[in-house]
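K.L.:
Residues per chain are reported as follows:
2 protein chains.
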Amino acid sequence: MTSTALRDDAPVESARRQRTRTRLLDAAFDVFAEQGVKAASVETIAEAAGFTRGAFYSNFSSKEELFFALMEREKTMRLEQLDAGVEQFLRPLVGAGGVELDDDDVIRTITRILELQSDDRRWWLVQSEFLLLALRDPAISADFLRYQDGFFQELTETVVAALASARRRFTIDPEEAVRVIAELCANGEARALLARDERKFSERLSQSVPAILLALTERI
Amino acid sequence: MTSTALRDDAPVESARRQRTRTRLLDAAFDVFAEQGVKAASVETIAEAAGFTRGAFYSNFSSKEELFFALMEREKTMRLEQLDAGVEQFLRPLVGAGGVELDDDDVIRTITRILELQSDDRRWWLVQSEFLLLALRDPAISADFLRYQDGFFQELTETVVAALASARRRFTIDPEEAVRVIAELCANGEARALLARDERKFSERLSQSVPAILLALTERI
Numbered sequence: 001m002t003s004t005a006l007r008d009d010a011p012v013e014s015a016r017r018q019r020t021r022t023r024l025l026d027a028a029f030d031v032f033a034e035q036g037v038k039a040a041s042v043e044t045i046a047e048a049a050g051f052t053r054g055a056f057y058s059n060f061s062s063k064e065e066l067f068f069a070l071m072e073r074e075k076t077m078r079l080e081q082l083d084a085g086v087e088q089f090l091r092p093l094v095g096a097g098g099v100e101l102d103d104d105d106v107i108r109t110i111t112r113i114l115e116l117q118s119d120d121r122r123w124w125l126v127q128s129e130f131l132l133l134a135l136r137d138p139a140i141s142a143d144f145l146r147y148q149d150g151f152f153q154e155l156t157e158t159v160v161a162a163l164a165s166a167r168r169r170f171t172i173d174p175e176e177a178v179r180v181i182a183e184l185c186a187n188g189e190a191r192a193l194l195a196r197d198e199r200k201f202s203e204r205l206s207q208s209v210p211a212i213l214l215a216l217t218e219r220i
Numbered sequence: 001m002t003s004t005a006l007r008d009d010a011p012v013e014s015a016r017r018q019r020t021r022t023r024l025l026d027a028a029f030d031v032f033a034e035q036g037v038k039a040a041s042v043e044t045i046a047e048a049a050g051f052t053r054g055a056f057y058s059n060f061s062s063k064e065e066l067f068f069a070l071m072e073r074e075k076t077m078r079l080e081q082l083d084a085g086v087e088q089f090l091r092p093l094v095g096a097g098g099v100e101l102d103d104d105d106v107i108r109t110i111t112r113i114l115e116l117q118s119d120d121r122r123w124w125l126v127q128s129e130f131l132l133l134a135l136r137d138p139a140i141s142a143d144f145l146r147y148q149d150g151f152f153q154e155l156t157e158t159v160v161a162a163l164a165s166a167r168r169r170f171t172i173d174p175e176e177a178v179r180v181i182a183e184l185c186a187n188g189e190a191r192a193l194l195a196r197d198e199r200k201f202s203e204r205l206s207q208s209v210p211a212i213l214l215a216l217t218e219r220i
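So the sequences go chain by chain: A and B. My numbering puts the first residue of the first sequence at 1, with every later residue one more than the last. My numbering puts the first residue of the second sequence at 1, with every later residue one more than the last.
Because the hints were derived from the structure by calculation, they are not lab data. A virtual CB, placed ideally from N, CA and C, is assigned to each residue, including glycine. A hint or two may mislead.
Stated by the list, open to error - Here are some chain B residues the structure puts well away from chain A; computed CB gaps all over 12 Å:
1) 14
2) 95
3) 117
4) 191
Stated by the list, open to error - What follows is a list of derived Cβ distance ranges for each label pair:
5) B:100 to A:149: 34 to 44 Å
6) B:79 to A:16: 23 to 33 Å
7) A:118 to B:137: 38 to 48 Å
8) B:199 to A:22: 34 to 44 Å
Stated by the list, open to error - With a straight-line Cα cutoff of 20 Å, these simulated EDC-like cross-link-like pairs (lysine to aspartate or glutamate) come out:
9) A:200 to A:74
10) B:63 to B:26
11) B:200 to A:87
12) B:200 to B:74
13) A:38 to A:137
14) A:38 to B:176
15) A:63 to A:26
16) B:38 to A:115
17) A:200 to A:183
18) B:38 to A:137
19) A:38 to B:26
20) A:200 to A:115
21) A:200 to B:154
22) A:63 to A:43
23) B:75 to B:13
24) B:38 to B:137
25) A:63 to A:74
26) A:63 to A:176
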């Protein structure tokens, strides 16, 4: 094997490895949503992805490690969707200088931004199950807390910047406000699941999220 | 057996039955908190209460039915603790006519009322697990939703009346506001469990609950 072959092989190997990880993560999401996080076995996940148990373990040391990778992926996707929504629906209204919006504009803009978000129901369910596993298992609780704190920190930065561009700011601690609004969304998902409410995320939350965001913010 | 004996027997039987149910509920709470709601078996619960499986089934048709009875008991206790707190700490400040409180009074009063509440951590954990079972099991999801809606309706009535006596009212839908504040408390419990934060419920929430209550209300 020449050194050229070695240099060429590395990216191929890396791309293939990436595809394997992606297929394992996709399959795991389905299996978690279908069977529950606790009940899902490494064997079932590997099989659903079309791989062996060995292929699973050459990518992830445990089901929990895979779950954290899945959370990172979903977090990144959702924050990107939020950035895209802000760029697409808020930016044109407020321009570069920052323009005050009236309450109707706020409601319309938030609804459109929410419409861009992937429907959260399955994700909310498996994440809640993983949280409960983390609450009972000290081996993963610290990592779960770190993930969650990191997520809310990034989310708060985005929301605070978007509000500022529309000349608003929170009247309580911003991260606390963002957590409360996120919990409102999560709670809405739970109620929708219990009540077999088939309406979309954005439709169910188009009243309550803007209302609480307005109640917890003021004009600068 | 005379008719007098019959009349006397009924309350004795009923009181004994009540004691059996109470012991089963107490034991179940411990077993649920220790082992998790899903893992806990009827056998384990009956044994922990000092009864046979037969005694369990002469009181509850299933683990789920017992769980609903446990939720009713905890709900009643917590709403009574809240009423007692309002009576003890808010009533003397506002009198019968209704007096405006300044923000410091609001914070102090809420903290004292929270201090009266039973520490929620174990209860929050088992209730969250039961919610997740209900989300996956259509046989109990409707009952769970009915229980939860009833709870928030009663809680909202109490909170709205307490606010009115202090000449405040919510600026958003009252039940939504109460749900958001309850979720803030539940979220605080989860974080405390993950972070092994041993501070009491009232201590951890003495900043955030009054802050959000003030942010979501206005003076009448």
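K.L.:
Please go over all the hints and tell whether each is borne out by the structure.
P.N.:
Each hint tested on the structure:
no.: 1; hint: 14; result: holds, 34 Å
no.: 2; hint: 95; result: holds, 29 Å
no.: 3; hint: 117; result: holds, 19 Å
no.: 4; hint: 191; result: violated, 7 Å
no.: 5; hint: B:100 to A:149: 34 to 44 Å; result: holds, 38 Å
no.: 6; hint: B:79 to A:16: 23 to 33 Å; result: violated, 59 Å
no.: 7; hint: A:118 to B:137: 38 to 48 Å; result: violated, 25 Å
no.: 8; hint: B:199 to A:22: 34 to 44 Å; result: holds, 42 Å
no.: 9; hint: A:200 to A:74; result: holds, 19 Å
no.: 10; hint: B:63 to B:26; result: holds, 13 Å
no.: 11; hint: B:200 to A:87; result: violated, 42 Å
no.: 12; hint: B:200 to B:74; result: holds, 19 Å
no.: 13; hint: A:38 to A:137; result: holds, 12 Å
no.: 14; hint: A:38 to B:176; result: violated, 32 Å
no.: 15; hint: A:63 to A:26; result: holds, 13 Å
no.: 16; hint: B:38 to A:115; result: violated, 35 Å
no.: 17; hint: A:200 to A:183; result: holds, 17 Å
no.: 18; hint: B:38 to A:137; result: holds, 16 Å
no.: 19; hint: A:38 to B:26; result: violated, 26 Å
no.: 20; hint: A:200 to A:115; result: holds, 8 Å
no.: 21; hint: A:200 to B:154; result: violated, 29 Å
no.: 22; hint: A:63 to A:43; result: holds, 10 Å
no.: 23; hint: B:75 to B:13; result: violated, 26 Å
no.: 24; hint: B:38 to B:137; result: holds, 12 Å
no.: 25; hint: A:63 to A:74; result: holds, 16 Å
no.: 26; hint: A:63 to A:176; result: violated, 31 Å
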